[in-house]
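Colleague: The primary structure of each chain is shown beneath.
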Amino acid sequence: MAVRVPILRQGRTLIASFQDDLSDSDILSLQGRVLEDVIRHRATGVIFDVSALDVLDSFGTRTLSDIAAAVQLRGARMAIVGIQPEVAFSMVLLGLTLSDVPTALDLETGLALLARAVP
Amino acid sequence: MDDIIASSTGGHGQPGDGTADQLRWFDITDTDRRRAEALAETAGDVADEIIEAFYAHLLSFEDARRHFRTDAQIERVKRAQQTYFRELLSAPLDAGYVENRRRIGRIHERAGVTPTLYVGAYAYYLHSLGHLVMDRRGQDPQAVPLLLSLIKIAHFDMAQALETYVEAREATIEQREREMSELPTPVLQLRDGLLLIPVVGTLDSYRARSLTVKLLEGIRDHRAKAVVLDITGVAAVDSAVANHLIQTMTAARLMGATSVLTGLSADVAQALVKIGVTGETLRTAGDLQHGIEIAERLLDG
Chain A
1 MAVRVPILRQ GRTLIASFQD DLSDSDILSL QGRVLEDVIR HRATGVIFDV
51 SALDVLDSFG TRTLSDIAAA VQLRGARMAI VGIQPEVAFS MVLLGLTLSD
101 VPTALDLETG LALLARAVP
Chain B
1 MDDIIASSTG GHGQPGDGTA DQLRWFDITD TDRRRAEALA ETAGDVADEI
51 IEAFYAHLLS FEDARRHFRT DAQIERVKRA QQTYFRELLS APLDAGYVEN
101 RRRIGRIHER AGVTPTLYVG AYAYYLHSLG HLVMDRRGQD PQAVPLLLSL
151 IKIAHFDMAQ ALETYVEARE ATIEQREREM SELPTPVLQL RDGLLLIPVV
201 GTLDSYRARS LTVKLLEGIR DHRAKAVVLD ITGVAAVDSA VANHLIQTMT
251 AARLMGATSV LTGLSADVAQ ALVKIGVTGE TLRTAGDLQH GIEIAERLLD
301 G
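If you're matching them up, the sequences are chains A and B in order.
99 is the number that our numbering gives to position 99 of the first sequence; each next residue is one higher, with no gaps.
183 is the number that our numbering gives to position 183 of the second sequence; each next residue is one higher, with no gaps.
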């Protein structure tokens, strides 16, 4: 199966940039690859860029939450960046508040956020 | 975006107010209509007389006189009044009649004719007509039932006009409320990454929705990291709007911006507590200055 979400490396930060709406299996395959790469590249931070997504459903949100928790157990921090206004409000209406995952406006602020968090 | 956050605030229906129902309510039957028509001839004969007397009476009042500027205007109104009373006696009481009466009521309302003037004019007409009918047909046993039928129809007629008065007032109030809630909500950039949104006026669900759009799009467009939402100028919010505010601030956090709510009145604070919001889940400050200080610390921290 073709890799739908490439994982890029910038210093010790991994960046997964979502290109279009993902199926559930895409997200699950991404989960495995990210957790592998955190150790392989000795990453300290992971950023999920969702700015191209028009919708983020409950499954996607919960999986992102799970990935964030697992990434933390693997010794890195994760942030989600680029949630669009429409997406943000529909998530809140669905009760998906991602309260345990840091968020940032875009890739740049996300990188700064993670840089501040790492001593 | 609007359709995402459109809530289910539907329009309010009005119970059926068909003309037939109203006629039943006033107990106006075909007999009444026929009796009124029987009066039409007599009334037509004396219409000029009554109207002349009425205007003499009317123009002796300062309040009433200022509605009339020229003699030509008075002549026109007199003619209209003749038609009005002729229709009262002989026009079929149907939906078209009601619509016509309501139209006339709206014209009166706009011209500033008060309900007192309006009902008073009716009373004067009925009184005068009653006297004239009794003078001419006093011996006729049908005279009293004729007048009683006429009074029923006249009350039906007055009800139409008064309804339009109430409707017009309600429309005006609604319009004012709409204007209050459509006051623009500016999104002000205080410095890089810090937005201030002052809300003044009524915060209803309609305006809360547009506030959400402004705030979230403002965060994206200004690349804001902190938003101060100042509601000092809002006296009260209901729990639905309070909930909406919380959802908006949560959505702002998802976009990576922290929001600070400032200027909560006692009523607003209580509305928030009622829906289970506490200071822990929400960043608030007593006044705008403190709120901006908090936001700046967040930006610099």
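Among the hints, erroneous ones may be present.
[To be verified] Here are some of the chain A residues that sit facing chain B, going by a computed Cβ distance under 8 Å:
#, residue
1, I7
2, Q10
3, S65
4, A69
5, Q72
6, P85
7, A88
8, F89
9, L93
10, L94
11, L98
12, L105
13, L107
14, L111
[Unchecked claim] Derived lysine to any residue pairs resembling SDA-like cross-links, with alpha carbons at most 20 Å apart:
#, chain 1, residue 1, chain 2, residue 2
15, B, K214, B, R169
16, B, K214, A, E86
17, B, K214, A, T61
No lab work stands behind these hints: they were computed from the structure.
We treat Cβ as the ideally placed atom computed from N, Cα and C, and that holds for glycine.
Colleague: Taking the hints in turn, state whether each one holds.
Modeller: Going down the list of hints, with the structure as the test:
Residue-level restraint check for I7 of chain A is violated (minimum Cβ-Cβ distance to chain B is 21 Å; threshold 8 Å). Interface restraint check: Q10 of chain A against chain B, minimum CB-CB distance 18 Å, threshold 8 Å, status violated. Taking 8 Å as the C-beta contact cut-off toward chain B, the hint placing S65 of chain A at the interface is violated, the least distance being around 12 Å. Because the beta carbon of A69 of chain A sits about 17 Å from the nearest beta carbon in chain B, more than 8 Å, this interface hint is broken.
Interface hint at Q72 of chain A: violated, since its Cβ lies 19 Å from the closest Cβ of chain B, which is beyond the 8 Å cut-off. Of the supplied interface hints, the one on P85 of chain A holds, with its beta-carbon coming within about 3 Å of a beta-carbon of chain B, less than 8 Å. Annotation: A88 of chain A was flagged as interfacial toward chain B, and the flag holds, the nearest CB pair being 4 Å apart, inside 8 Å. Because the beta carbon of F89 of chain A sits about 5 Å from the nearest beta carbon in chain B, less than 8 Å, this interface hint is met.
For L93 of chain A, the shortest C-beta to C-beta distance to chain B is roughly 7 Å, which falls under 8 Å, so the interface hint holds. Interface hint at L94 of chain A: violated, since its Cβ lies 11 Å from the closest Cβ of chain B, which is beyond the 8 Å cut-off. With its C-beta approaching chain B no nearer than about 6 Å, L98 of chain A sits inside the 8 Å limit, and its interface hint holds. Nearest Cβ of chain B to the Cβ of L105 of chain A: about 4 Å, under the 8 Å cut. The hint holds.
A hinted interface residue such as L107 of chain A counts as satisfied when its beta carbon comes closer than 8 Å to some beta carbon of chain B; here the least separation is about 11 Å, so the hint is violated. Because the smallest distance between the Cβ of L111 of chain A and any Cβ of chain B comes to about 12 Å, over 8 Å, the interface hint for this residue is violated. This hinted pair does not check out: K214 of chain B and R169 of chain B have alpha carbons roughly 33 Å apart, beyond 20 Å. For the suggested pair K214 of chain B and E86 of chain A, the alpha carbons sit about 12 Å apart, so the restraint of at most 20 Å is met.
With a CA separation close to 25 Å, the supplied pair K214 of chain B and T61 of chain A exceeds the 20 Å bound.
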